[in-house]
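Given the structure of chain H, go ahead and fit chain V onto it with the hints provided.
2 protein chains.
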Amino acid sequence: MKFFKVKTVEETFSLIDEMVGKSGQTEIRPIEEALHFVLAKSVTAAENVPAFDRSTVDGYAVRANDTYGSSESMPGFLTLRGEVRMGEAAALTVGFGEAVYVPTGGMMPPGSDSVIMIEHCEEVAGILNTYRQVAPAENVIKAGEDIREGEMLLEAGTWLRPQELGALAALGITEVEIYRKLKVGYLSSGDEIVPYQTQSLKAGQVRDINYLAITGTAREWHMDVMYGGIVRDDFEAFSKKAKELYDKVDCLILSGGSSVGAKDYTTEVIESLGAPGVFVHGIAIKPGKPTILAVADGKPIIGLPGHPASAMIIFRLFGERILKKLSGERLVKRPERIFARITKNIPSAPGRSDYIRVKLFEQDGEWWAEPIIGKSGLITTLVKSDGLVEIVSKKEGILQGEYVPVIASR
Amino acid sequence: MKFFKVKTVEETFSLIDEMVGKSGQTEIRPIEEALHFVLAKSVTAAENVPAFDRSTVDGYAVRANDTYGSSESMPGFLTLRGEVRMGEAAALTVGFGEAVYVPTGGMMPPGSDSVIMIEHCEEVAGILNTYRQVAPAENVIKAGEDIREGEMLLEAGTWLRPQELGALAALGITEVEIYRKLKVGYLSSGDEIVPYQTQSLKAGQVRDINYLAITGTAREWHMDVMYGGIVRDDFEAFSKKAKELYDKVDCLILSGGSSVGAKDYTTEVIESLGAPGVFVHGIAIKPGKPTILAVADGKPIIGLPGHPASAMIIFRLFGERILKKLSGERLVKRPERIFARITKNIPSAPGRSDYIRVKLFEQDGEWWAEPIIGKSGLITTLVKSDGLVEIVSKKEGILQGEYVPVIASR
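Chains H and V are the protein sequences, given in the same order. Just so we're aligned: the first sequence equals residues 118 to 527 in the numbering used here. Just so we're aligned: the second sequence equals residues 118 to 527 in the numbering used here.
Don't take every hint at face value.
It does not matter which identical chain is used: a pair holds within one copy or between any two.
Unchecked claim - Calculated lysine to any residue pairs in the SDA-like style (CA-CA distance at most 20 Å, straight line):
| no. | residue 1 | residue 2 |
| --- | --- | --- |
| 1 | Lys416 | Ser356 |
| 2 | Lys259 | Met234 |
| 3 | Lys501 | Glu446 |
| 4 | Lys319 | Ala208 |
| 5 | Lys416 | Gly391 |
| 6 | Lys441 | Ala525 |
| 7 | Lys501 | Thr161 |
| 8 | Lys416 | Glu446 |
| 9 | Lys259 | Lys406 |
| 10 | Lys259 | Phe130 |
| 11 | Lys298 | Gln142 |
| 12 | Lys512 | Asp481 |
| 13 | Lys492 | Gly261 |
| 14 | Lys476 | Arg454 |
| 15 | Lys492 | Glu268 |
| 16 | Lys442 | Gln322 |
| 17 | Lys501 | Gly267 |
| 18 | Lys476 | Trp276 |
| 19 | Lys511 | Val160 |
| 20 | Lys441 | Thr196 |
No lab work stands behind these hints: they were computed from the structure.
Just chain H, with the same shape it has in the complex (with noise of 0.2 Å):
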């Protein structure tokens, strides 16, 4: 029996960090299939985008040199060519004081360097009167501008947007390397747990309400999900039970059974899964501090405090964490706290990270948290709040009135 000592929130990341790997799996998808997975093989450009110089605007492709000095009281005059059609090469060559019309969008004629804006010249008669100059490059979009052949477009482990796909279709490619979805195993513990869709429920008895909140965050971040049903608090039947789940997945997530007292066995099923086995057991943090994190080779287990809105904050927190290092995702910081000012002075014991569940209102221009008050068991507390409000560990609590940066939940 390993002996644990209760890490704090900034030591359960590192360790994260440290102890999962990425799963590792790949498959090629067509791109448009591709949203919201992660790149396994970097993107490199195999030609230019655009593949020709391009106007920005609708006017005329013409020399620079030939509109200097032009204005509206003096202007300049150019012989036009014609035009360039959109989506056909440009045939007409620009000439010393010439000029040819050019769509947005359409090929420089060989021979230009600019384009004037049609709102910024006159057609008389076969003559363009120019009102203003340009300068070399104006309202061109030149070769290569937007992807350059040779550069690595995107890397290995980008979670690809919308814009990513739009710049993977812009050179022509139609599939991806991706790791492959990631698959999550679900399994719910306790006596008094019975399915979401019993009607009637006998005294003593609860509903499963950590299946639904838990998978439905794991589908939102682009995962698959087993559900392995609910055990009874029994040795012998959890722990087959979980070894059969753990056996099909990539990820196993244990609701219930990690508090003190006669379910102190989970540790032990975890451990029984495969070493090195649990690497947290109990954070300095609130809601949530009976959280188990184990890795068994190489596939992590969460073990998520039984409490509903405990089990939904440990699973935003370290469960995001987790998951996004095992699909392969290349962690990028990012902002995602926003700020308000909080209604309310909330105090909290220092070494401990504290997360306030939280509604946003607007008034006179600033955004304000009012607290919602209520145990974590509480799983409405999670439907009336907007985010959650952190506290960090070396913080001894928050004033009213104090910006606070909040965890908003879409």
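For chain V alone, coordinates are given in the frame of chain H:
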């Protein structure tokens, strides 16, 4: 032919709220498949959650009165009657001077009103020494404390997050009436646009980047997409294809064709689809000025600018508002902006709203926003950016070091 005046961003939002209603079609779905749908019918609780008083800790159910005056130096003594088992009715009654063991989540035995934590007492030969006093209801969740019978739990128009599903499960609700998923039609136009799968581009051709970028964004918002392909710049062909797609979808998105020049029949095509037709034709925004918004017989139509970055920014700002209203979602104002300091002076014309693509980085504990320089035709400006800095129309720019709101992209 109607005449249009360019609208400000604020006017555009007001017009959207006025012109766009909800599509209104509903269906019944199991709650396990209802994540990110919008609730069509309010849900009222038919029972209490929890159904009985529960302990929130491992400890002993007592009458609070019996513990008054207990302390480390002067413990109280109670007769231990037995224990409550998880998931079963509490059979034993707690009388005067008595205690019954109850695990976390267990049912409170009749007669008891509070729980003393296991850490604060000691059992010696059937007698419980109590080292602390407890108050009535301490460490207890009362029946109905989470959800009260008859209370409205969720209002119609609620976007279902994992915690909402958890709360529904708590009540044993297995199905909900939701607004069905929206179907968004996307049609590209332009003689230069070719399918993104095209391997060898001819001179003057570009691939359909916006298709992936825009429909990916709609998918992110939990919508289905129907692709109408690419039409040539030809009134008859464009009109026919637009009508065909419009008939099959809840909202039609047209890409390209909304800038001045040979393409101004886009307005005519849109107007032919139904009344009241176009309500925004040009917005005082950069990038994205040539935007068209319309409603035809209750279906919104969005005419996006052709430049990829403009199209995505416009769709993110106005498309989301339009589609959320159409989906039946109750618009709840939530702050979606984080704050960062801008690294450069940025001028802006008063009366026009500017959206600056930025990359975020952390330095000395602060977030900084570095503008991504590049024309709105460049998709990679969005690949490189983490969000948009908004310069509202009444501002004349922002100064280096100023704190600015950033609309973060995921």
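Within, between, both or neither, where Lys492 and Gly261 count as close if Cα-Cα is 20 Å or less: Classified as between; 13 Å across copies, 58 Å inside a copy.
Alpha-carbon proximity context of Lys501 and Thr161, limit 20 Å: Close across copies (15 Å), not inside one copy (46 Å); limit 20 Å.
Intra- versus inter-copy proximity for Ser356 and Lys416 (alpha-carbon distance at most 20 Å): within (16 Å within a copy, 55 Å between copies)
Homomeric proximity label, Lys441 with Thr196: Cα distance no greater than 20 Å: neither (61 Å within a copy, 52 Å between copies)
20 Å Cα threshold - placement of Glu446 relative to Lys416: Result: close within a single copy only, 16 Å intra versus 39 Å inter.
Intra/inter-copy verdict for Lys259 and Phe130 if alpha-carbon distance must be at most 20 Å: neither (45 Å within a copy, 35 Å between copies)
Homo-oligomer pair classification [Gly391, Lys416; C-alpha up to 20 Å]: For Lys416 and Gly391, the Cα distance is within 20 Å only inside one copy (9 Å; across copies 56 Å).
Identical-chain pair category, Lys441 with Ala525, by Cα at 20 Å: For Lys441 and Ala525, both the intra-copy (18 Å) and inter-copy (19 Å) Cα distances are at most 20 Å.
Homo-oligomer pair classification [Lys406, Lys259; C-alpha up to 20 Å]: This pair counts as neither: shortest intra-copy Cα distance 57 Å, inter-copy 23 Å.
Status of Trp276 relative to Lys476 across identical chains (alpha carbons, at most 20 Å): between (30 Å within a copy, 16 Å between copies)
Up to 20 Å CA-CA - Met234 versus Lys259, copy category: For Lys259 and Met234, the Cα distance is within 20 Å only inside one copy (17 Å; across copies 72 Å).
Copy assignment of Lys476 with Arg454, given that the CA separation must stay at most 20 Å: both (14 Å within a copy, 16 Å between copies)
Hint compliance for this structure: hints 9, 10, 16, 19, 20 are not met, and every other hint is.
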